[in-house]
Amino acid sequence: MKKFLSRLVLFIVIMFIIGLIKLALSPNSNYSYAFLNAKLEFLEKHPEYNMYFIGSSKINDQIDCKIIDQNIEGVKSYNLGANAGFDLENFQTLDFILNNKNFKPKYIIVELQDKIKVTKTNIKTERSFGAFNYENTAFAIKYHKEDKNYKQIGMSLVSFALNVFHINKYFDERTVREAKNNFVDKNQGFSPLEFSSTTRTEEQKLKSVIKDRLERYHADHNKYTPNKALVSKINELSERCKKKNIQLILFIPGPAEPDAKKLVAYQNAFQVPVVSLVDPDMYPEFYQCENRWDYGHLNGKGSKILSEKTAPLLDKVLDKK
Amino acid sequence: MLFNSIAFLIFLPIVFILYWRVFNKNYKYQNILLLAASFYFYGCWDWRFLFLLIFSIGLDYFSGIQIENSKTKKMATFWLTLSIAINLGFLGFFKYYNFFIENFAELLSSFGFGVNMWVLKVILPVGISFYTFHGLSYVIDVYKKRIPAERNYVDYAVFVSYFPLLVAGPIERATHLLPQIQRKRSFDYEKAKDGMAQILWGFFKKMVIADNCAPIVNEIFNHYHTESASNLVLGAVLFAFQIYGDFSGYSDIALGTSRLFGLELLKNFSFPYFSRDIAEFWRRWHISLSSWFRDYLYIPLGGSKGGLWMKIRNTFIIFLVSGFWHGANWTFIIWGGLNALFFLPLLIAEKNRHHLEVVAMGKIIPSIREVFSILMTFTLTCFAWIFFRSESVSDAIGYIRGIFSESLFTFPTQFRLVLSGLIVFMLVIEWWNRTHDYGLKIQDRKPWLQSIIYIIVAYLILNFANFGSNEFIYFQF
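These protein sequence lines map, in sequence, to chains C and S.
Just add 8 to the spot in the first sequence (first one is 1) and you have the working numbering.
Just add 25 to the spot in the second sequence (first one is 1) and you have the working numbering.
These aren't lab readings, by the way, just hints derived from the structure by calculation.
Take these hints with a grain of salt, some might be off.
[Stated by the list, open to error] Distance condition first, Cα-Cα at most 16 angstroms in a straight line; then the derived EDC-like pairs of lysine to aspartate or glutamate:
1) Lys169(S) to Asp320(S)
2) Lys10(C) to Glu215(S)
3) Lys10(C) to Asp213(S)
[To be verified] Restraint-style ranges between C-beta atoms, simulated for each label pair:
4) Glu154(C) to Trp72(S): 44 to 50 angstroms
5) Glu202(C) to Ser445(S): 36 to 42 angstroms
6) Glu247(C) to Ser445(S): 41 to 47 angstroms
The beta carbon of each residue, even a glycine, is placed where N, CA and C say it ideally should be.
My request is simple: use the sequences and hints to build the entire structure.
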């Protein structure tokens, strides 16, 4: 019995070690969000795009690149957003682009978030994205250490271990590829929520949630300080971009999350410009029910407004040399 | 609880440790543990049907004793008939009630009688076809005096409800499993290792092959009117691998799991797609069901003792009943009938026991003649699978009609290179070990080679498997 159990444990350990080696040899090989992969494959073959938007659903479902192109001269942009893409996923996408010569962007716009949170719901998503490679896990630990969030340090380590095996990679890839790839070459990567499987939140409920979220936003008088690990990570990425003659710009799209004031603290923390449309007082249209799809997202009409408002702000900070 | 679920991944080690560490002093305690674990395993699906299972066990247990205690043959026959009638009554109600009602209503309406029949929303209890057949074989064996009636309720209940075989077989015989339950088991490292290897191979076949074929097969069968002929052919071929991966995978997991507890179950599959004719295929596919029908239906009907017509009649009966056993749909009956038709020429020519040995015995590759025979058999099998998989007979006919069109010579757009590679890998491993009990039985190979193959298979599972909740096809039967 002892022999059997010890051999079984040894087998699992060997499997894990092989996984660790594989991850070390190709840190992005586990990156398998099929929709995003398809977008990246498309972009590799289309060097004419010179501006990439990287971020979560707030980019994927809200930034209409055609509108951006119409409003900024000399720009051909592509939406590389991916639903549930938080900091780690975004940094991994950026890292992948910077390490691959086939991508030729002049500008990369990355959604600024202060979010590395593994929850019971998104632990599968994190794994399916495969974002917890060595570098990102080390960063996640530093980030949570700064906030003294030891539970999240533990969750990050669990995510790393799961990422080594990366269960369901192939299935997730295929499912997403089949469901979403329509938008890869249409609309320059933009996929408005009207075409998604997410149903629109019922109007009364939506109104009450918007009201509640705005109240919480205005009631938040905490004095936030930027997370040093995040600042240093972004500065490091901006240096890498500079070396490749790429301008990195950070972007905070509306509508604001209840804790969006955290992000205001980052406004001047980086070596790169931050374009923000998060202030509800400056951009009240993002909080009108007719422009919204659900709790956190704009609908097609709202996305058009967001894209139109974003373009001139971006134009201002672009280094067009 | 599904074998391919996290719950089972927790359940199995707990039962295993308790079985060998806590209850190992006495096999009777081990049996109580197995019974409790089996009831829990079944109850996880739907606890209400646990009562049906307990009733069915109690009925056959009691009937067995009554048959043995009967002083006259008439009395014994009464108890046997009662047990069979109640068992088949439950099976008939839960599985076939709506089928008979709907067909009866259709028949009446074809004679101009419009009738409103009572169609019920009957939930089919998982595994009812399997545990009913366990019980039936037991009471028949007691009646025929092949075994004595079991007097220990726990032992008998373990025989029927033993969790590895409870929901999708193999269909066990009391003569085979009960004696194992009634004696002391001791842990055997080699057996446990063998069991783990078989479980690994079962997971590979189920989660890598079957679950990856499933979405493509579903897509093709659901939209057969719009798919090209080449895609339709591909769909039938992939379904053949899906159902093989699914069901033989389940059997491998069941047999391997049982071996961990020191109990050997009946072999259910023996590389059926390497068969050279349909008769050989049926000696290698769902062996426990085929042999059940042979022993409890074909032989009592006269078997092959009578003349040619008797043999043909009996063959058709067992194939049609076997088809009907799979489900209450004409598609299954036609599937059974087709297999009987394929079997017929072999029966008439008395070549149905022509290929009893393993194909290409002692050779690495088969002869051209063997390859041709294997491909022919596989083609016939795939053709019959179209009926098995289709929702209705008209769908199956539409599907087959679709195959005979010009687009047969186009490239199938649903072809997936990765999946094809995985299927080829499975076939190569199974061909390599075709003389063994299961595909990954490689304990006689060099230890380093064993380790490499286990690691490759485990890695393929981790990379290509779906750890969701994909049910096994045979759960519905």
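We went through each hint and held it up to the structure:
1. Lys169(S) to Asp320(S): The given pair, whose Cα atoms are some 12 angstroms apart, holds under the 16 angstroms limit.
2. Lys10(C) to Glu215(S): Roughly 13 angstroms between the alpha carbons, so the hint for Lys10(C) and Glu215(S) holds.
3. Lys10(C) to Asp213(S): Given pair Lys10(C), Asp213(S) holds - Cα atoms ~11 angstroms apart, limit 16 angstroms.
4. Glu154(C) to Trp72(S): 44 to 50 angstroms: 49 angstroms, holds
5. Glu202(C) to Ser445(S): 36 to 42 angstroms: 37 angstroms, holds
6. Glu247(C) to Ser445(S): 41 to 47 angstroms: 46 angstroms, holds
Going through the hint list in order, the structure satisfies each hint without exception.
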